[in-house]
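Undergrad: One-letter residues, chain by chain:
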Amino acid sequence: MKRLLVLPLLAGALALVPAGPAGAQDAPELVAAGEMAPDFSIPGATRHGILAEPVRLSDYRGETVVLAFFFRARSRG
Amino acid sequence: MTAYRDQYASVFKGGRNVVLIAISSDPPDALASWARDEDFPYLFGSDAGSTVYASFGGPVRDNGSVGGRSVVVVDPEGRIAEVIPRFREVDPTAYEELAAAIDRVTPDPEDVGADGR
Numbered sequence: 011m012k013r014l015l016v017l018p019l020l021a022g023a024l025a026l027v028p029a030g031p032a033g034a035q036d037a038p039e040l041v042a043a044g045e046m047a048p049d050f051s052i053p054g055a056t057r058h059g060i061l062a063e064p065v066r067l068s069d070y071r072g073e074t075v076v077l078a079f080f081f082r083a084r085s086r087g
Numbered sequence: 083m084t085a086y087r088d089q090y091a092s093v094f095k096g097g098r099n100v101v102l103i104a105i106s107s108d109p110p111d112a113l114a115s116w117a118r119d120e121d122f123p124y125l126f127g128s129d130a131g132s133t134v135y136a137s138f139g140g141p142v143r144d145n146g147s148v149g150g151r152s153v154v155v156v157d158p159e160g161r162i163a164e165v166i167p168r169f170r171e172v173d174p175t176a177y178e179e180l181a182a183a184i185d186r187v188t189p190d191p192e193d194v195g196a197d198g199r
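So the sequence lines, in the order shown, correspond to chains A and B. Residues 11 to 87 (this note's numbering) are what the first sequence spells out, left to right. Residues 83 to 199 (this note's numbering) are what the second sequence spells out, left to right.
Warning: the hint list may mix true and false statements.
[What the hints assert, rightly or not] DEER-style ranges, computed between Cβ atoms:
1) 85(A) - 89(B): 11 to 21 Å
2) 137(B) - 63(A): 13 to 23 Å
3) 145(B) - 72(A): 34 to 44 Å
4) 88(B) - 58(A): 19 to 29 Å
Honestly, the hints are just simulated from the structure, not real lab data. No residue lacks a Cβ here, since even glycine has one placed at the ideal position from N, Cα and C.
Excised from the complex, chain A in its bound form (with noise of 0.2 Å):
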């Protein structure tokens, strides 16, 4: 009797539970190879400080540009 008891409040434990990692976990879905790259204009820094100029990706036609996405500075992402 006490199993007929358990079986369904497990089950309904388990439905509140989250189906999968929360959406944030997922790996996020970016542009695809192959795609031309959207252009953009930005304030840019460097080690010898603010740029007077933005950083433009058209600038850099002609050499392999690596743009590396991070979450804040200061910290490990």
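Put chain B on the given structure of chain A with help from the hints.
TA: Okay, now just chain B, sitting in the frame of chain A:
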């Protein structure tokens, strides 16, 4: 980011024909001071509101910061060559994959032999 500095000469060819741009939503002065303190040899981009990251399809957090540690390799023609949605900065094999992607699309610098010819 310190790992990128440590790998700069090898994976990123010391900046020869390869431009590394580290992008976050931090303001320019915060990036500049961090780069100075850590002697990072590469460029930083201040992506307010993470609009650039969003243009590449990346998620943006509620506070406007970049939602993923992603790496995108753009070839010399401006075409996306490689996308790594979650770059594993502490995994050595991740740099091997990245280096291979960079080598695939980067023109070789002029080859000069030991005898100068």
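Undergrad: Give a verdict on every hint.
TA: Do the hints match the structure? See the list:
1. 85(A) - 89(B): 11 to 21 Å: With a Cβ separation near 19 Å, residue 85(A) and residue 89(B) satisfy 11 to 21 Å, so the hint holds.
2. 137(B) - 63(A): 13 to 23 Å: Distance hint for residue 137(B), residue 63(A) holds at roughly 20 Å.
3. 145(B) - 72(A): 34 to 44 Å: holds (36 Å)
4. 88(B) - 58(A): 19 to 29 Å: holds (20 Å)
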